[in-house]
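Asks: These are the residues of each chain, in order.
Number of protein chains: 2
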Amino acid sequence: MSEILVVGSLAYDSIETPSGKVERALGGSANYFSLAASLFSKVRVVGVVGEDYDQNHYDLLHARGVDLAGLSRVEGKTFHWAGSYEGDLNEAKTLKTELNVFEHFNPNLPEHFKDSSFVFLANIAPELQLQVLEQVKEPKFVGMDTMNFWISIKKDKLIEVLKKVNLVLINEGEAKMLTGAENAISAAPMITEMGPDAVVIKRGEYGFALYTKAEGFFILPAMPIPKVIDPTGAGDTFAGGFFGYLAAQKTIPTISSLKHACIMGSIMASHTIQDFSVTALSKVTMSDVEVRLAGYRKVIAL
Amino acid sequence: MSEILVVGSLAYDSIETPSGKVERALGGSANYFSLAASLFSKVRVVGVVGEDYDQNHYDLLHARGVDLAGLSRVEGKTFHWAGSYEGDLNEAKTLKTELNVFEHFNPNLPEHFKDSSFVFLANIAPELQLQVLEQVKEPKFVGMDTMNFWISIKKDKLIEVLKKVNLVLINEGEAKMLTGAENAISAAPMITEMGPDAVVIKRGEYGFALYTKAEGFFILPAMPIPKVIDPTGAGDTFAGGFFGYLAAQKTIPTISSLKHACIMGSIMASHTIQDFSVTALSKVTMSDVEVRLAGYRKVIAL
Numbered sequence: 002m003s004e005i006l007v008v009g010s011l012a013y014d015s016i017e018t019p020s021g022k023v024e025r026a027l028g029g030s031a032n033y034f035s036l037a038a039s040l041f042s043k044v045r046v047v048g049v050v051g052e053d054y055d056q057n058h059y060d061l062l063h064a065r066g067v068d069l070a071g072l073s074r075v076e077g078k079t080f081h082w083a084g085s086y087e088g089d090l091n092e093a094k095t096l097k098t099e100l101n102v103f104e105h106f107n108p109n110l111p112e113h114f115k116d117s118s119f120v121f122l123a124n125i126a127p128e129l130q131l132q133v134l135e136q137v138k139e140p141k142f143v144g145m146d147t148m149n150f151w152i153s154i155k156k157d158k159l160i161e162v163l164k165k166v167n168l169v170l171i172n173e174g175e176a177k178m179l180t181g182a183e184n185a186i187s188a189a190p191m192i193t194e195m196g197p198d199a200v201v202i203k204r205g206e207y208g209f210a211l212y213t214k215a216e217g218f219f220i221l222p223a224m225p226i227p228k229v230i231d232p233t234g235a236g237d238t239f240a241g242g243f244f245g246y247l248a249a250q251k252t253i254p255t256i257s258s259l260k261h262a263c264i265m266g267s268i269m270a271s272h273t274i275q276d277f278s279v280t281a282l283s284k285v286t287m288s289d290v291e292v293r294l295a296g297y298r299k300v301i302a303l
Numbered sequence: 002m003s004e005i006l007v008v009g010s011l012a013y014d015s016i017e018t019p020s021g022k023v024e025r026a027l028g029g030s031a032n033y034f035s036l037a038a039s040l041f042s043k044v045r046v047v048g049v050v051g052e053d054y055d056q057n058h059y060d061l062l063h064a065r066g067v068d069l070a071g072l073s074r075v076e077g078k079t080f081h082w083a084g085s086y087e088g089d090l091n092e093a094k095t096l097k098t099e100l101n102v103f104e105h106f107n108p109n110l111p112e113h114f115k116d117s118s119f120v121f122l123a124n125i126a127p128e129l130q131l132q133v134l135e136q137v138k139e140p141k142f143v144g145m146d147t148m149n150f151w152i153s154i155k156k157d158k159l160i161e162v163l164k165k166v167n168l169v170l171i172n173e174g175e176a177k178m179l180t181g182a183e184n185a186i187s188a189a190p191m192i193t194e195m196g197p198d199a200v201v202i203k204r205g206e207y208g209f210a211l212y213t214k215a216e217g218f219f220i221l222p223a224m225p226i227p228k229v230i231d232p233t234g235a236g237d238t239f240a241g242g243f244f245g246y247l248a249a250q251k252t253i254p255t256i257s258s259l260k261h262a263c264i265m266g267s268i269m270a271s272h273t274i275q276d277f278s279v280t281a282l283s284k285v286t287m288s289d290v291e292v293r294l295a296g297y298r299k300v301i302a303l
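For the protein sequence lines, the chains are A and B, in the order given. For the first sequence, our numbering assigns the number 2 to the initial residue and increments by one for each residue that follows. For the second sequence, our numbering assigns the number 2 to the initial residue and increments by one for each residue that follows.
Just so you know, these hints were derived from the structure itself, not from any lab. Because the structure is a prediction, the values reported are computed rather than measured. A virtual CB, placed ideally from N, CA and C, is assigned to each residue, including glycine. A few of these clues could be false.
Just some of the chain A residues that point at chain B, by a computed CB distance under 8 Å [claimed, not checked]: (1) Lys94; (2) Asn184; (3) Ser187; (4) Pro222; (5) Ile226; (6) Pro227; (7) Val229; (8) Arg293; (9) Ala295; (10) Val300.
Derived contacts from chain B toward chain A, CB cut-off under 10 Å, selection only [claimed, not checked]: (11) Gly51; (12) Asp89; (13) Ala93; (14) Ser187; (15) Leu294; (16) Ile301.
Please take these sequences and the hints and turn them into a complete structure.
Replies: In structure tokens:
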């Protein structure tokens, strides 16, 4: 089993959905990612929190064996995002983004993090993603995410990162925005032409499309969930399940393991959306995963 | 092999999409359905056209062995629909609906149509769907489609039809509208509670979700198509491929044949969207279907 290094946000989120609302609940890409990935593999987190960050939220990751040596606590407040979802829950409307301590974040890797085999650059500024890559020695497999904000204002830097990664995980709207393509199917090969060998386009309630230069498309639906409470963190959870699964394999990623990793990402994300914040995700056990995986296999079985 | 009776529209469509436009091109649910279904099974059409209906358009179905004895030609003009699609092509904006000869349509079945084993009630007024059902003797399997217009203004009649059919094919937006559900996953079991044993929710570029009372969900993606020219008729083509496949089987529909029928529907629809009107669909051969089916199996194969 190999270690996964993740760099991303640790945040407090205030969220409103048709099912209710929460104030300053635990969030952030690194939290969702780590909780999902740590079910399968060892995880190392790089990030920053403020003085208001709750001890219980350190403990939550610590109890899952996550190495927090790269987590710095600095003066000021933790990153805060407020958003709301309406109707079909497919898109969040951002109400407030308070970067706080994240504004001056400079990811510095503890020495023992530098030999990590798997690296996931969650959705942070492309310069910071590059800064992390410069510090790791010889990663076997690097993945990244991004978002509309960076595509609009930092596209050149983003394209530099794309050249240095093996895989991109990106949502459908952002894949179209990045490439100018009309749909996910035409966007995927345009993304791999930018550098990575593989791209996973996350399609929310519709599942995912994996595209590899070598083998083309692998597309499957999401686990059917009748009642979605809060979709926040689903994409980061997908990435966590995906990397957690990959890093737990004995070989370096193959087409076959990438496919299974997508399914594991999907299964993990299907838990996250069943409650606010990390409430459902943090309770998931390996046996829950196996039960849901069996259900999923039935849904797609001919 | 059993005969399929279809009742629906034969129309001329004026359509604009980001790829171009066509004026008064052949359309209508019965045309798309028949062209798709006739690749697999014998089809009998019930419908009405006006004096302007082109002989070539009779010939097109006739050449595919479709029985046109139930097609009446009356004074006046053929049903005309004008619509446009923008951006992601997921929704048509209706610009004009001229019912013309369709306004006084009363489906009367030729005697030899009454013993049809398979019946598909395409998207027409629920009263007309009932009128057809009253005339068929002992169909083995009846399916129906509908649309937002009938859900808004004829919901009671529609619910009467739902009680008399084995299966509903419906698009995702309409499934939510019919049930008030938030998503397709919660809508599906609500629809089967209204009567049918099975429902297929058509999700456009995202594929389909089959739900049966007996076995729950079967969900798969659509065939990936990088360039969609015109999505008009995709749903009716899906229904045609679906029924064509089912009626060609030796047994009455089973869960397994319903699943394969969904895939065949999907494969047929993936051709329709590659050109305007029935241009691509009318050229599809069995060998094209086999090639695409092999490609599709690869896309979903673990």
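Asks: Take the hints in turn and mark each one as holding or not.
Replies: Right, here's what the structure says about each hint:
About 17 Å separates the beta-carbon of lysine 94(A) from the nearest beta-carbon of chain B, more than 8 Å, and the hint is not met. Because the smallest distance between the Cβ of asparagine 184(A) and any Cβ of chain B comes to about 6 Å, under 8 Å, the interface hint for this residue holds. A cut of 8 Å between beta carbons decides the hint on serine 187(A): the least distance to chain B is about 4 Å, and the hint holds. The restraint placing proline 222(A) at the interface with chain B holds, with a minimum CB-CB distance near 4 Å, inside the 8 Å limit.
Below 8 Å, beta-carbon pairs count as interface contacts, and isoleucine 226(A) has one with chain B at about 6 Å; its hint therefore holds. Taken as an interface hint, proline 227(A) checks out: its beta carbon lies about 4 Å from the nearest beta carbon of chain B, inside 8 Å. Among the interface hints, the one on valine 229(A) holds; its C-beta lies about 7 Å from the nearest C-beta in chain B, closer than the 8 Å criterion. Because the beta carbon of arginine 293(A) sits about 13 Å from the nearest beta carbon in chain B, more than 8 Å, this interface hint is broken.
For the restraint placing alanine 295(A) at the interface with chain B, the shortest Cβ-Cβ distance is roughly 13 Å, beyond the 8 Å limit, so the hint is violated. Residue-level restraint check for valine 300(A) holds (minimum Cβ-Cβ distance to chain B is 5 Å; threshold 8 Å). With its C-beta approaching chain A no nearer than about 36 Å, glycine 51(B) sits outside the 10 Å limit, and its interface hint is violated. Interface restraint check: aspartate 89(B) against chain A, minimum CB-CB distance 7 Å, threshold 10 Å, status holds.
Violation of the interface hint for alanine 93(B) is found here, the shortest Cβ-Cβ separation to chain A being roughly 16 Å, above the 10 Å cut-off. For the restraint placing serine 187(B) at the interface with chain A, the shortest Cβ-Cβ distance is roughly 4 Å, inside the 10 Å limit, so the hint holds. A cut of 10 Å between beta carbons decides the hint on leucine 294(B): the least distance to chain A is about 12 Å, and the hint is violated. Evaluation of the isoleucine 301(B) hint against chain A yields a held restraint, the C-beta minimum of about 6 Å falling below 10 Å.
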